[in-house]
Amino acid sequence: MKRRKFLRDTITGVVLPSFLHGISLKALAGTPAVHAKHAVLNDDRVLVLIQLAGGNDGINTVIPFDQYSAYTAARPNIFLPQEKVLKLNGFDATAFNPALANMQQLFNEGKLGVVQAVSYPKPNFSHFRATDIWMTGSDSDKVVSSGWAGRFLHDVFPQFPDNFPNEAMPDPLAIQVGSVVSTVLQGPLFTMGMAISNPAGFYKLVEGKVNVNANSRWGEQLDYIELMSQKTDQYATVIKNAAQKVPTQSPAYPAAGKNPLADQLKIVARLIAGGLKTKVYLVSTGSFDTHAKQTETDTTTGTHAKLLQRVSEAIGAFMSDLQFLQIDNRVMGMTFSEFGRRIKSNASGGTDHGAAAPVFYFGNSIKAGIIGSNPVIPSTVTVNDNVPMQYDFRSLYTSVLQNWFNMPASEVQEILMGNFATVPIV
Amino acid sequence: MAIPSVTTSLKKYKGKWKEPEVKHLLKRTQFGARKEDIDHFASQSLRRTIHQLLYTEEPVPAPPVNNYNDDKYTDEEIQPGATWITATKVSGMNSGRRRNSFKAWWLGCMINQQRTLREKMVLFWHNHFATETNTVDNPTFIYKHNILLRQYALGNFKAMVRAVTVDAAMLKYLNGNANTKKAPDENYGRELQELFTVGKGPGSHYTEADVKAAARVLTGFRIENKSLPDVHGIFDAGRHDERDKQFSAFYNNQVIKGRKGKEGEGELDEMLDLIFQQDEVSRFICRKLYRFFVYHQIDEATEKTVIEPLAHIFRENNYEIKPVLEKLFSSRHFYDLGNRGGIIKSPVDFAVGLCREYDIVFPGDDSFADQYGLWGNIQITASQMQQNIGDPPNVAGWPAWYQEPLYDKSWISSDTLPKRTAFTDRMLNNGFARNGKKILIDPVQYAKLLSAPGDPNKLIDELASLLYAVELPVEEKQYMKTGILLQGLQGMASDHYWTDAWAKLQENPADAANAKNVTNKLKSLLKYMMSLPQYQLM
Numbered sequence: 006m007k008r009r010k011f012l013r014d015t016i017t018g019v020v021l022p023s024f025l026h027g028i029s030l031k032a033l034a035g036t037p038a039v040h041a042k043h044a045v046l047n048d049d050r051v052l053v054l055i056q057l058a059g060g061n062d063g064i065n066t067v068i069p070f071d072q073y074s075a076y077t078a079a080r081p082n083i084f085l086p087q088e089k090v091l092k093l094n095g096f097d098a099t100a101f102n103p104a105l106a107n108m109q110q111l112f113n114e115g116k117l118g119v120v121q122a123v124s125y126p127k128p129n130f131s132h133f134r135a136t137d138i139w140m141t142g143s144d145s146d147k148v149v150s151s152g153w154a155g156r157f158l159h160d161v162f163p164q165f166p167d168n169f170p171n172e173a174m175p176d177p178l179a180i181q182v183g184s185v186v187s188t189v190l191q192g193p194l195f196t197m198g199m200a201i202s203n204p205a206g207f208y209k210l211v212e213g214k215v216n217v218n219a220n221s222r223w224g225e226q227l228d229y230i231e232l233m234s235q236k237t238d239q240y241a242t243v244i245k246n247a248a249q250k251v252p253t254q255s256p257a258y259p260a261a262g263k264n265p266l267a268d269q270l271k272i273v274a275r276l277i278a279g280g281l282k283t284k285v286y287l288v289s290t291g292s293f294d295t296h297a298k299q300t301e302t303d304t305t306t307g308t309h310a311k312l313l314q315r316v317s318e319a320i321g322a323f324m325s326d327l328q329f330l331q332i333d334n335r336v337m338g339m340t341f342s343e344f345g346r347r348i349k350s351n352a353s354g355g356t357d358h359g360a361a362a363p364v365f366y367f368g369n370s371i372k373a374g375i376i377g378s379n380p381v382i383p384s385t386v387t388v389n390d391n392v393p394m395q396y397d398f399r400s401l402y403t404s405v406l407q408n409w410f411n412m413p414a415s416e417v418q419e420i421l422m423g424n425f426a427t428v429p430i431v
Numbered sequence: 402m403a404i405p406s407v408t409t410s411l412k413k414y415k416g417k418w419k420e421p422e423v424k425h426l427l428k429r430t431q432f433g434a435r436k437e438d439i440d441h442f443a444s445q446s447l448r449r450t451i452h453q454l455l456y457t458e459e460p461v462p463a464p465p466v467n468n469y470n471d472d473k474y475t476d477e478e479i480q481p482g483a484t485w486i487t488a489t490k491v492s493g494m495n496s497g498r499r500r501n502s503f504k505a506w507w508l509g510c511m512i513n514q515q516r517t518l519r520e521k522m523v524l525f526w527h528n529h530f531a532t533e534t535n536t537v538d539n540p541t542f543i544y545k546h547n548i549l550l551r552q553y554a555l556g557n558f559k560a561m562v563r564a565v566t567v568d569a570a571m572l573k574y575l576n577g578n579a580n581t582k583k584a585p586d587e588n589y590g591r592e593l594q595e596l597f598t599v600g601k602g603p604g605s606h607y608t609e610a611d612v613k614a615a616a617r618v619l620t621g622f623r624i625e626n627k628s629l630p631d632v633h634g635i636f637d638a639g640r641h642d643e644r645d646k647q648f649s650a651f652y653n654n655q656v657i658k659g660r661k662g663k664e665g666e667g668e669l670d671e672m673l674d675l676i677f678q679q680d681e682v683s684r685f686i687c688r689k690l691y692r693f694f695v696y697h698q699i700d701e702a703t704e705k706t707v708i709e710p711l712a713h714i715f716r717e718n719n720y721e722i723k724p725v726l727e728k729l730f731s732s733r734h735f736y737d738l739g740n741r742g743g744i745i746k747s748p749v750d751f752a753v754g755l756c757r758e759y760d761i762v763f764p765g766d767d768s769f770a771d772q773y774g775l776w777g778n779i780q781i782t783a784s785q786m787q788q789n790i791g792d793p794p795n796v797a798g799w800p801a802w803y804q805e806p807l808y809d810k811s812w813i814s815s816d817t818l819p820k821r822t823a824f825t826d827r828m829l830n831n832g833f834a835r836n837g838k839k840i841l842i843d844p845v846q847y848a849k850l851l852s853a854p855g856d857p858n859k860l861i862d863e864l865a866s867l868l869y870a871v872e873l874p875v876e877e878k879q880y881m882k883t884g885i886l887l888q889g890l891q892g893m894a895s896d897h898y899w900t901d902a903w904a905k906l907q908e909n910p911a912d913a914a915n916a917k918n919v920t921n922k923l924k925s926l927l928k929y930m931m932s933l934p935q936y937q938l939m
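Here the protein sequences line up with chains P and H, keeping their order.
Under the working numbering, the letters of the first sequence match residues 6 to 431, in that order.
Under the working numbering, the letters of the second sequence match residues 402 to 939, in that order.
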């Protein structure tokens, strides 16, 4: 049964605190949100986007195990040894990079899936332009200013930011951790999200601390302004309150500072569990631009392995925490990167900018598995060979909006500026 | 809270004279430090720089004009674009409009300030001899008062006090105009001592009897030609109290002998001599200058090593202002690293400084209506941040320059801080527009002023050194580079992505996608930089 329908059917005066984690349905029923046109206002579903900035090398992430000799031929200096790659239950043709142990486990538990060869027609090979395309959801040859999630939030909250925060939506519509608010969250006119620009700032806010600069004249002035800026941010209080409701999180996370992505996701889990009604979270991790020396001589180690290990460990810890905090049914996550990399490795032990690449999605409520087939590795590969597209990235967005947030198909088409078939990820 | 002490003295500064020092001086003595001005002064010596700031002769700016005809009112006497300071008719219909014109004009004087200290000092004296246009009401009085402040801005303080005492706007504002022998009004007599000269510091002990005596000395001054352009204060002997005036022990029990007829006016000069014999006058003004130009807290060491010697110079020079400022701005104390960045920008510094530092171009005199309108937008912006030039909260001026313990921290509140950021965001998004004329930041043009905008490290370093008075943590700069300019790309090897995008924009400006990419990144970078608390400091 659809959660939203369940809510509708059972909403009258029933209080199910555990279900909504402290927000009684009665209180919710009293708000205009329930009468709003969008189901998305009523449910408690959350999307977490993980940006892998720099262009992740898809072929060494999700390995086409069924074409092993072609794969080793195309990448003689960086291919991963057959006996080291991670097997996937029920999908013998495909394997994960050895650094993805946590994600392999999630896959085998049915909590993580892969969509193969995601891209768009006429792929762009510039980081900035390609990132803009992924973030705005535009065609390759169109320049759009607003982000796809920003337009989604604008559709649901068309009045924003006038009279926000309000009783119906007291919380930020979207939160980005670890950067300034990105194009993803840019609405047609306003930024629809807020940024917690660095995790340290978040803990300072929650603990009410500021930098201790006070031993200089400028420092004591700065301390005062920082304190005042914490107090005055219109959402600072709700964020602080939400965080304070969650004193304990899963021990699965690495120590603070060891894995920046895990640090960001830890904050996201805490805020979701703390009761924020925020719909979209965006976190990011960089350095995927592996032009040179992406592996050591032992190709299971080196730059790319470290990056993937970081992602895998962070997602693994995050999923454990969601379970620990009993919010695992409410959250769906998805990775994206501006492009994949070339099929053939280059002479400096790296890979150059490419086209299509796999996308990971995860959560308790998703449909796990592998969608699409392994990219075909040509037996005699050239530097011009790219992974051809199987799924348009906007099909994934369509699936999330339509099947996760239950947005009407017609509005989804408007938001994404086109009609894209859904993919069975949720 | 412990007050961080800076112990350097007024000895001549002989350290480096490079961009950071020039910037520090200009941020304090101008509204914002423009790159062009920093470069100009960095190529000269400290001595010549200070000489230019203090001693350049400047003409009086062209007076404010009629920009205010609208569908409800047309000024029959003053043509659009012509100045209204010659007007003979003041009415309820034009008074408010001319006051707005005056405020916009004054803001324009700040925007267009020359490489001199004058405009900053006009604001200093406006805060010191605070008057409110709401109370003075008559726009001609208001304009003339402002011109008086500008005339004496770097002149003789004692002469300035005399001129302000008999200035029409002040006579109106503090009731000097109503001060007669029959019904003395003590308002000005009190503020003259409490706020304008001896102050209320620990060394000031004037009494209530002194207030009364001063009020009686001042009887007779009134406003002449109230509704005409040559309005001024005059001495009207018939209203003057001709009896003797006894002052207290603070003023050595001196008596000002009552004078008859026109001679009565001379009592004012005698009284100013008496007041200015008190060393406390020089200390009070030097403390105020220190709070305006250096730092809000004055500890014992500062009082002894900075205030007292400056006050001595002030007295030795017969209350000429320039020697005091010259000493201060040439001192080790002023350039001490501990004193840089220690002031929170006033709203006027914040708003006007932004326009000047980014070289925002306003419409010229030929589009006076739009020009005044856009100057007015900036003036109103500063007003919304709680500094409405022409209308300080009361006769004491703005609390930021006198109210313990907050002083300039009082500029920052839950109301004003978001407004400051909203303003910087706005100036990067749409700015302000009138009839197709726009004022806003052009981030690409601004970046082109820098030495190597294509190098993301140098770009951020140079922006940080222009926009901030204090050093940013290295991690913060790193974050700006990877998080904003490179969108998450890390490591030295990634820098070229920004370099390439910048170069491509220079080679092919018509590439819309790339232009948008570069522009948006610069906008995000500048928005972020100006949203940091460091941007509030100068």
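By construction, these hints were calculated from the structure, which means they are not laboratory data.
Among the clues, some could well be false.
Below 30 Å or equal to it, Euclidean Cα-Cα: the simulated DSBU-like pairs (lysine-lysine) are [claimed, not checked]:
no.: 1; chain 1: H; residue 1: Lys839; chain 2: H; residue 2: Lys723
no.: 2; chain 1: H; residue 1: Lys436; chain 2: P; residue 2: Lys147
no.: 3; chain 1: P; residue 1: Lys245; chain 2: H; residue 2: Lys810
no.: 4; chain 1: P; residue 1: Lys127; chain 2: H; residue 2: Lys583
no.: 5; chain 1: H; residue 1: Lys922; chain 2: P; residue 2: Lys236
no.: 6; chain 1: P; residue 1: Lys263; chain 2: H; residue 2: Lys878
no.: 7; chain 1: P; residue 1: Lys209; chain 2: H; residue 2: Lys922
no.: 8; chain 1: P; residue 1: Lys209; chain 2: P; residue 2: Lys311
no.: 9; chain 1: H; residue 1: Lys413; chain 2: H; residue 2: Lys689
no.: 10; chain 1: H; residue 1: Lys859; chain 2: H; residue 2: Lys436
no.: 11; chain 1: P; residue 1: Lys298; chain 2: H; residue 2: Lys859
no.: 12; chain 1: P; residue 1: Lys298; chain 2: H; residue 2: Lys582
no.: 13; chain 1: H; residue 1: Lys878; chain 2: H; residue 2: Lys849
no.: 14; chain 1: H; residue 1: Lys878; chain 2: P; residue 2: Lys209
no.: 15; chain 1: H; residue 1: Lys627; chain 2: H; residue 2: Lys473
no.: 16; chain 1: P; residue 1: Lys127; chain 2: H; residue 2: Lys601
no.: 17; chain 1: H; residue 1: Lys658; chain 2: H; residue 2: Lys601
no.: 18; chain 1: P; residue 1: Lys298; chain 2: H; residue 2: Lys922
no.: 19; chain 1: P; residue 1: Lys214; chain 2: H; residue 2: Lys413
no.: 20; chain 1: H; residue 1: Lys820; chain 2: P; residue 2: Lys245
no.: 21; chain 1: H; residue 1: Lys545; chain 2: H; residue 2: Lys582
no.: 22; chain 1: P; residue 1: Lys209; chain 2: H; residue 2: Lys810
no.: 23; chain 1: P; residue 1: Lys147; chain 2: H; residue 2: Lys917
no.: 24; chain 1: H; residue 1: Lys661; chain 2: H; residue 2: Lys689
no.: 25; chain 1: H; residue 1: Lys838; chain 2: H; residue 2: Lys810
no.: 26; chain 1: H; residue 1: Lys924; chain 2: P; residue 2: Lys127
no.: 27; chain 1: H; residue 1: Lys839; chain 2: P; residue 2: Lys147
no.: 28; chain 1: P; residue 1: Lys311; chain 2: P; residue 2: Lys298
Given the hint that H/Lys436 pairs with P/Lys147, does the C-alpha gap stay at or below 30 Å?
violated (37 Å)
Just to be careful, I want the Cα atoms of H/Lys413 and H/Lys689 compared with a cutoff of 30 Å; is the pair within it?
Judged against 30 Å, a Cα distance of about 21 Å means the pair holds.
When you check the alpha-carbon spacing of P/Lys209 and H/Lys810, does it fall within 30 Å?
holds (21 Å)
Taken at face value, is the distance from the CA of H/Lys601 to the CA of P/Lys127 at most 30 Å?
violated (75 Å)
Has the given pair, H/Lys820 with P/Lys245, been kept, meaning a C-alpha gap of at most 30 Å?
Holds. H/Lys820 to P/Lys245 sits at ~22 Å (cutoff 30 Å).
Quick one, are P/Lys298 and H/Lys859 close enough, alpha carbons at most 30 Å?
holds (27 Å)
Hey, H/Lys922 versus P/Lys236, does the alpha-carbon distance stay inside 30 Å?
holds (28 Å)
Holds or violated: H/Lys878 to P/Lys209, with C-alpha atoms at most 30 Å apart:
Given pair H/Lys878, P/Lys209 holds - Cα atoms ~20 Å apart, limit 30 Å.
Restraint status (C-alpha distance of H/Lys838 to H/Lys810 at most 30 Å):
Status violated; Cα separation ~35 Å.
Are the Cα atoms of H/Lys839 and P/Lys147 separated by 30 Å or less?
It holds: about 27 Å lies between the C-alpha atoms, which stays within 30 Å.
Does H/Lys922 lie within 30 Å of P/Lys298 when you go C-alpha to C-alpha?
Holds: P/Lys298 and H/Lys922 sit about 29 Å apart, inside 30 Å.
Pairwise hint evaluation, H/Lys922 against P/Lys209, where the allowed Cα distance is 30 Å at most
Holds, because 27 Å separates the two Cα atoms, which is no more than 30 Å.
Hints 1, 2, 4, 12, 16, 19, 24, 25, counting from the list given before, are not met by this structure.
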